[in-house]
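All residue numbers for the sequence shown refer to the working numbering, where the first residue is 1 and numbers rise by one.
Among the hints, erroneous ones may be present.
What the hints assert, rightly or not - With a straight-line cut-off of 20 Å between C-alpha atoms, the simulated SDA-like cross-links for lysine to any residue are: (1) Lys-49 <-> Ile-30; (2) Lys-64 <-> Asp-110; (3) Lys-72 <-> Gly-6; (4) Lys-82 <-> Lys-49; (5) Lys-72 <-> Gly-87; (6) Lys-72 <-> Pro-17; (7) Lys-60 <-> Asp-32.
To be verified - Cβ pair distances, simulated, as ranges: (8) Asp-110 <-> Met-1: 30 to 38 Å; (9) Glu-59 <-> Met-1: 34 to 42 Å; (10) Ser-114 <-> Ala-13: 19 to 27 Å; (11) Arg-67 <-> Ser-102: 32 to 40 Å.
None of these hints come from the bench; they were simulated from the model. These figures come from a predicted structure and were not determined experimentally. We put the CB at the ideal spot given by N, CA and C, even for glycine.
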Amino acid sequence: MERFCGVLIEHFAGNFPTWLAPEQVRLLPINDAVLPFAQEVEAKLKAAKVRVTIDGASEKLGAKIRRAELDKVPFTGVIGGKEAEEGTVTIRSRVAKSKEGSYPVAEYLDLILSQIAGKTLPET
């Protein structure tokens, strides 16, 4: 079993597909004012069995995005005042670049669940 895991890690170089990634989504609220909405989105994703975390650090957004990229998180959801007001999440994706944009929370969840259920590999 250990060898198989080693082969997977080596093959993907840590860039696991969404269904295999230990952290599938990281939510990035841009300030403390939108943190309650981010927690609401987190609860909906967790209810659907998505592995999600919130980066609530009080840093610049660019630093949070960079950290998510270095951690090789498949989906990053940026949440600002506009998104919280409209009930949407802006997607940045390491695995599905064609899917980037702003989505209502339900559509965002459907997109992630389709990546997980389909056991798709990252686009090249």
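Which constraints among the numbered hints does this structure fail? Numbers only, ascending. Hint check: 1, 2, 4, 5, 11 fail, others pass.
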